[in-house]
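Chain D is already provided as a structure; the job is to place chain L on it using the hints.
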Amino acid sequence: MELAEWCSSSRVIIVAGKGGVGKTTTAAALAVAAARAGRRALLIELDGKSGLGSMFGVDTTDGEIEAYPGVTVVPLAPDEALIEYLEGHGLRRMSKRLVHSGALDIVATAVPGMKEILVLGKVKALQRAGAADVIVVDGPAAGHAVTFLLSPKGLLDAVRVGPVLTQAVEVSEMLADPDRAQVMLVTLPEETPVNETAETAEALVDRIGLTLGPLVVNGLYPDRPLDRLTTPEAVSAAAERAGIGGRLPDGEAEQLARAARFLVRRRALQEEQLGRLAERLDLARVVLPFLFSSDIGPAQLEVLADALTAGVGALPVGA
Amino acid sequence: MTPEGDGPGSDGPLGRLAGEQPIIVCCGSGGVGKTTTAAVLALAGARRGRDAVVVTIDPARRLANALGLDALSDTAHEIDRELWDPAGAAPAGGRLSALMLDTKSTFDHLVLKYSADPAQGSRILENRFYRNISGALAGTQEYMAMEKLHELHEEGGYELIVIDTPPTRNALDFLDAPARLTRLLDNKLFRLVMAPTRASFRMANLALQAFFRTVSKVIGTEVVEDLVLFFQAFEGMESGFRERAQRVLAVLSDPGTAFVLVTAPARDAVSEAGYFAGRLADAGLGVSGLVVNRMHPEFHPAAAAGRPGPPEPLNGDAEAARQLEALYENLADFAELSEREQRHLEGLERTVGRVPVVRVPLLEVEVCDIESLTEVGRYLLAAASDGRAGGG
Chain D
1 MELAEWCSSS
11 RVIIVAGKGG
21 VGKTTTAAAL
31 AVAAARAGRR
41 ALLIELDGKS
51 GLGSMFGVDT
61 TDGEIEAYPG
71 VTVVPLAPDE
81 ALIEYLEGHG
91 LRRMSKRLVH
101 SGALDIVATA
111 VPGMKEILVL
121 GKVKALQRAG
131 AADVIVVDGP
141 AAGHAVTFLL
151 SPKGLLDAVR
161 VGPVLTQAVE
171 VSEMLADPDR
181 AQVMLVTLPE
191 ETPVNETAET
201 AEALVDRIGL
211 TLGPLVVNGL
221 YPDRPLDRLT
231 TPEAVSAAAE
241 RAGIGGRLPD
251 GEAEQLARAA
261 RFLVRRRALQ
271 EEQLGRLAER
281 LDLARVVLPF
291 LFSSDIGPAQ
301 LEVLADALTA
311 GVGALPVGA
Chain L
1 MTPEGDGPGS
11 DGPLGRLAGE
21 QPIIVCCGSG
31 GVGKTTTAAV
41 LALAGARRGR
51 DAVVVTIDPA
61 RRLANALGLD
71 ALSDTAHEID
81 RELWDPAGAA
91 PAGGRLSALM
101 LDTKSTFDHL
111 VLKYSADPAQ
121 GSRILENRFY
131 RNISGALAGT
141 QEYMAMEKLH
151 ELHEEGGYEL
161 IVIDTPPTRN
171 ALDFLDAPAR
181 LTRLLDNKLF
191 RLVMAPTRAS
201 FRMANLALQA
211 FFRTVSKVIG
221 TEVVEDLVLF
231 FQAFEGMESG
241 FRERAQRVLA
251 VLSDPGTAFV
261 LVTAPARDAV
271 SEAGYFAGRL
281 ADAGLGVSGL
291 VVNRMHPEFH
301 PAAAAGRPGP
311 PEPLNGDAEA
321 ARQLEALYEN
331 LADFAELSER
341 EQRHLEGLER
351 TVGRVPVVRV
361 PLLEVEVCDI
371 ESLTEVGRYL
381 LAAASDGRAG
391 GG
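Top to bottom, those sequences are chains D and L. With my numbering, you'll find the first sequence wraps up at 319, consecutive numbering, no jumps. With my numbering, you'll find the second sequence wraps up at 392, consecutive numbering, no jumps.
Looking at chain D on its own, in the form it has when it is part of the complex (with noise of 0.2 Å):
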């Protein structure tokens, strides 16, 4: 499957995973990605802060804004949707009332969902006016992930007619056509994040109808050949065949097999992991590898980008 393919015809990708596993880093590595192959990409940006504008070295805070060539950052707040909802619905002068008097604070309060459908919606506008080849959506943090796309459905029982009905059921069928929307679940090669992510995975297909793109297993130390080279003894034999026997520096073969023994170790329990995770959820999988050069900035991002378009070019068609 090419990338190139993957994030065309303007298609919606929600990349989500709980907290600390990288569903940021990865949302920008793949519009990055897609903006490599040729294509545009919007990052949608869900509630300010997420670290986006520092991961590019833009300020997101003034509205969308070019991060990187092909890359276009757009920041959706609930109430500037439903405004911008409003005033494209000739009810403009509805709009400033709604926000200026605290209305629309206690209907968010009281209507669930509201808030979600409102920048739902304006993806689904996006989506419907070709806004670009790919739209990319760094989402809520995992547990509420489920929460924030179930919202179109709570919002069906809830709300019988006018606008906001139209809205809830135009997202719901955006998110069951896999053409126009798809799931991107990122998780660590760790315990915890892999359980989790798992039962994401369950409750995005089962109760939303979500189809689920390749999922992203990030931060996986390099595989390195030190497996037998974990201990003082074994790197001084090694430097000794290598020619410089006896020339290592005070204490430096400790900190090689130390750090050697520290690699090797954490990588077999990321294998394990990924051996669990491959049991618990049939998705094809793309691997990231873990950076320790540096923070995360354009040149990070192009390395994880391209990391997924090697890793989604891999897999088979359909996957």
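Simulated from the structure, these hints should not be mistaken for lab results. Honestly, I wouldn't trust all of these hints.
In silico contact screen, one side only, chain D against chain L (beta carbon under 7 Å); selected entries [unchecked claim]:
no.	residue
1	Leu-229
2	Pro-232
3	Ala-234
4	Ala-238
5	Leu-256
6	Pro-289
7	Phe-292
If you want the footprint, here are the derived chain L segments under chain D, 3+ residues with CB under 8 Å [unchecked claim]:
no.	segment
8	26-32
9	317-324
10	335-344
11	360-370
No experiment lies behind these values; they were computed from the predicted model shown. We put the beta carbon where it would ideally sit given N, CA and C, even for glycine.
Frame of chain D, contents of chain L only:
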């Protein structure tokens, strides 16, 4: 850093909090080990002979796993002593309980408590709006967590209450939650809707009618009717709620309540933690401790600084030469990583100010039972680290 045994003799700053403080609130962003920290602190309280309870509002039920329970119930459930004190070493007064917040039933409880009569209570509980908001509304969960804290504080008789919170963004809601409900009740429109008699309801001014017209157009008349019924059902209860919300705020600002900030040495987590520390400070609340979980072990760059590779020339066996290259590359990577983590923490420590900092290394064990909680506790409860995480 050498992990110390989890005993009263080895108390660091968090051990002391667990031994002395009546309430500990654990805050931080998702995935940094907040739930685990809360559980370890409650366990430490119990092992110091206190009657301790831990409350989690984390929907992922990780605490349940950590405490070896299949599911926590909304009422505190006491954990068998043999489970948390297998050696029988804890003082007799020690007890450990846990509960998982059930937002809806806590809200129901509150409604029933403040309704004038059972009829009013059941009218509210049956209202469709109420049924929706009590379980699902953003912010309700945080508010009810604080409500539960208050209830346990007033009525539970616990000596130590440790409360876990949702991730940072929501945690702001939890600080705001009592105020938010008060604000809603104070809203002019709400007051109009709450107008006590039909007559005054009819006389409600233009603003109210405009409100209803507006809202009806957006969400439909039926919904508005439900909304009005909901607010009317609350008639007479709002002062009780408001008073309650203020008492909850008072508990949070009491010196007996300690806030422990939990983070990980990554840029996002650190900036969230800094943001949160600022929010607490704005609310006049201080941070009593900073926990940094998931620290990589510290490695120093290879002795010949500035040269990432092994000594030259590698003119021996080619396979061994490649191994040496890989060893050095690996060490350089981990050295850079620990230097980066260090830098993040220094930044955070400047932001948060002078509070005890406890660093917990990335552990091999998955925290899923009392034994692994104890293991985490060896680091968490030890003396504040001015040093660094231990080796691999």
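To see whether the hints hold, each was checked on the structure:
For Leu-229 of chain D, the interface hint holds, the least distance from its beta-carbon to any beta-carbon of chain L being 6 Å, beneath 7 Å. Residue-level restraint check for Pro-232 of chain D is violated (minimum Cβ-Cβ distance to chain L is 11 Å; threshold 7 Å). Nearest Cβ of chain L to the Cβ of Ala-234 of chain D: about 9 Å, over the 7 Å cut. The hint is violated. Using the Cβ-Cβ criterion of 7 Å, the hint placing Ala-238 of chain D at the interface with chain L is satisfied: the shortest such distance is roughly 5 Å.
Of the supplied interface hints, the one on Leu-256 of chain D holds, with its beta-carbon coming within about 4 Å of a beta-carbon of chain L, less than 7 Å. At its closest, the beta carbon of Pro-289 of chain D sits 11 Å from a beta carbon of chain L; the interface hint therefore is violated under the 7 Å criterion. Restraint check, Phe-292 of chain D versus chain L: the minimum CB separation of about 4 Å is within 7 Å; hint holds. Evaluation of the coverage hint for the segment 26-32 of chain L: fulfilled, as 4 residues show C-beta separations to chain D shorter than 8 Å, against a requirement of three.
With 7 residues having a beta carbon nearer than 8 Å to a beta carbon of chain D, the segment 317-324 of chain L meets the requirement of three or more and the stated coverage holds. Beta-carbon proximity to chain D at under 8 Å applies to 4 residues in the segment 335-344 of chain L; the threshold of 3 is reached and the given coverage holds. Residues of the segment 360-370 of chain L with a Cβ under 8 Å from some Cβ of chain D number 4, which satisfies the need for three, so the listed coverage holds.
In the structure shown, a violation is registered for the earlier hints numbered 2, 3, 6, in ascending order.
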